[in-house]
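A.B. asks: Sequences listed follow chains D, U and Y, in order.
Per this note's numbering, residue 1 is the first one in the first sequence, and the count goes up by one each step.
Per this note's numbering, residue 228 is the first one in the second sequence, and the count goes up by one each step.
Per this note's numbering, residue 433 is the first one in the third sequence, and the count goes up by one each step.
Mixed in with the good hints, there may be bad ones.
To be verified - One-sided excerpt, in silico: chain D residues whose CB lies under 10 Å from chain Y:
hint	residue
1	I44
2	S155
3	W208
4	S212
Stated by the list, open to error - Computed list of chain D residues with no C-beta within reach of chain U, every gap over 12 Å:
hint	residue
5	Y13
6	D81
7	K108
8	R221
9	E222
10	A224
11	K225
No wet-lab data here; the hints were simulated from the structure.
Keep in mind it's a predicted model, so treat the numbers as computed, not measured.
Where is the CB? At the ideal position from N, CA and C, for every residue including glycine.
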Amino acid sequence: MITAERKPFDEIYAMTEGHDEVLVAGCDTCVAICLTGGEKEAEILASEISIKAKSEGRELKVEHTAAIRQCEWEYLDMIADKVGEFPLVLSMGCGIGIQSMAEKFSPKLVMPAVNTNMLGMPQEHAVWLERCAACGECVIGETAGICPVVRCSKSLMNGPCGGSHAGLCEVVGPDQEETECAWALIWERLKAQGREDLMFANRPPKDWSKSSSGGPRKMVREEAKPI
Amino acid sequence: MADDADRTKLTVDALSAVATAVEVLPTNEGFEPEIIVFACHYCAYAAADLAGSMRLQYPTNIRMIKLPCTGKLEVIHLLKALEAGADGVYAAGCLEGQCHYLEGNLWARKRMGHVKTLLEEVGMDPRRVEMFNMSSAMGPLFAQTARDFTERIRNLGPNPVRPRDGFEPAEVVRAQMGDAALPEAPPDDDTPAVTPVTVEEGSKR
Amino acid sequence: MSEALTLKAGSNLEKVLTAGKFAVTGECGPPKSADASVIEKKVKLLIGYVDAVNVTDNQTAVVRVSSVASAYLAQQNGIEAVMQMTCRDRNRLAMQADILGASVLGLKNILCLTGDHVSFGNHPQAKGVHDLDSISLIRMYKDMRDEKRFQSGEEMDVAPPLYIGCAENPFGDPLEFRAMRLKKKVVAGADFVQTQCIFNIPRFKQWMEAVRALGVHQEIKILAGITPIKSAGMANYMKKFVPGMDVPQEIIDRIAAKEKGEAQQAEGKKLAVEMIKELAEVEGVAGVHIMAVEWEAAVPEIVEAAGLMPRPAVA
């Protein structure tokens, strides 16, 4: 699923400058599941903004709402009236939801209250790990179900680099957190599957034209398009 | 009415074109295809009834499954029919523009097109499936369609799917479709929602 | 009496290795400023003591004078260079263009590397390119040289004569895969390999055993990496902070036992000489790669004491 993190409060609050009314819009799908931008979190953010404004003696009308899914026009119809009341919307949806709202309600100001960060998997409750790069050409059938594009810091296609040590990547996370070496994991699982030969074959360069590097992508299901 | 005559002509012409196209295939003597027909209640099934009462001959190879509308057909039903070993499958719905449910037959045609694409993917001849249109008055067209399609499939040969699991393809499809497939006997309150078309092609009354 | 050697590029390093002589390469890190004199000074220290000098490519993701420019300067100053190229900073277009550029400038030796991650360096916000990995890079250069083809498949009129190298870390993980990884590079087309610096010789010998079992030592020229230790502090730093380094405690203790400064440096050089002599005896080791980081001045003494002078002149 798509995960996002709320932007720093100061950055969000700065967006309200010059406005008297602001609506915080949550989304009850992905960002709700990763506990960042659902209706509950939208209400919390609205309350935070209200508290800040009031403590500054500032007149600011803050309300919240939430769409079932911000990226669907029909669901945005359901909150259109509410949105119409406000000159500024702080959307807590993922980048897709924010852009859908901005397009639907254009030219109304729709600002991102979250940083969409990854296609992640909840490893355990409240912990998400990046799993997919949406590269457009999935090779994980050859890498024992582990994505080398996004789980390897260098997107290597042919095994670990020289910096892999004790199953860990040479890259250390922001809080000195260790990252697993994807290729160490791939090697172990390929061995368990008896498919070590996949590790020994030299894989050609990746076709990045299928990823977002090739330009913004579009997908059409011809058979489902209305007549 | 001119429009309907055009549509009739189109369908017959389309059939002729197909019949011509498969002439080049070697005939498979002795092979009797099993064909499943999805017929809509309002038009095609009624046309089949009419063909019957007109004593028009059409092959016994076809097994009919009545639907309220061909729009009820899902891609999976067509695939399951072939997976179960049917040699050919076609849907017969109302004339375009005259569907009792307005666009059901248009969706059926679209889905049929998609199934043809899927069949190409798996290496099966896409001509094993087809979409036809007719009105409830077109008994002769129903019979002709059945004859011509059976001939097409006879020429294409048996479905390469082997072995068959011992189940009748039509029964497999019926089980797959559940309530979507209507019981065979026409209901008593059978009132066709479309006005029967003036029979232009000359019936054998 | 010299036999005619079959050469791919005709570089001095290639000649020495192909003729079966024990090769010595050095390393020089370009400066973090537009100052050619720094490069010239460093490489001049090594003339006559090494067969070629590596010029690093934004090592540890820190911006320095580019490898191709530095390599060219080195050659202009009378010493053959081994240009280094990482996959971190360039896409396949730039890598092919740069090697054609290097080639027209007369450079022949190229070391293909993955590259340290951007987060290690002084521009951690940069976008790491990683269009290719080192194995694809080796293959791409090999095809340019031998097939006269670009990675796209198009043909070119004049192929770049290249002597293609790679790096390998005998101490990296997964350990059992490390010999195989070198084999992958051989299959991709690497002609020579320089290893990460060795301090744990027994463990290196284990890796060489695995390498020999695969027959790889006969398919590629292996140069063992050596870094002379300047101080116990440096050894400690490498042990703790440099990924993939195996620095046995005895070595740190040996250096630390001496007084800081001159005494530790002398011990470091002595140790380096001992290691070179021991490594030269290991079957399959075709040479040594001395990475005297910011201590290029120590190299002539070490090479001399290790009995590797004079450097061979191969026709």
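A.B. asks: Against each hint, give a clear statement of whether it holds in the structure.
C.D. replies: Here is how each hint holds up against the structure:
no., hint, in the structure
1, I44, "31 Å, violated"
2, S155, "5 Å, holds"
3, W208, "7 Å, holds"
4, S212, "13 Å, violated"
5, Y13, "51 Å, holds"
6, D81, "31 Å, holds"
7, K108, "35 Å, holds"
8, R221, "9 Å, violated"
9, E222, "8 Å, violated"
10, A224, "9 Å, violated"
11, K225, "8 Å, violated"
Of the hints listed earlier, those the structure fails to meet are numbers 1, 4, 8, 9, 10, 11, in rising order.
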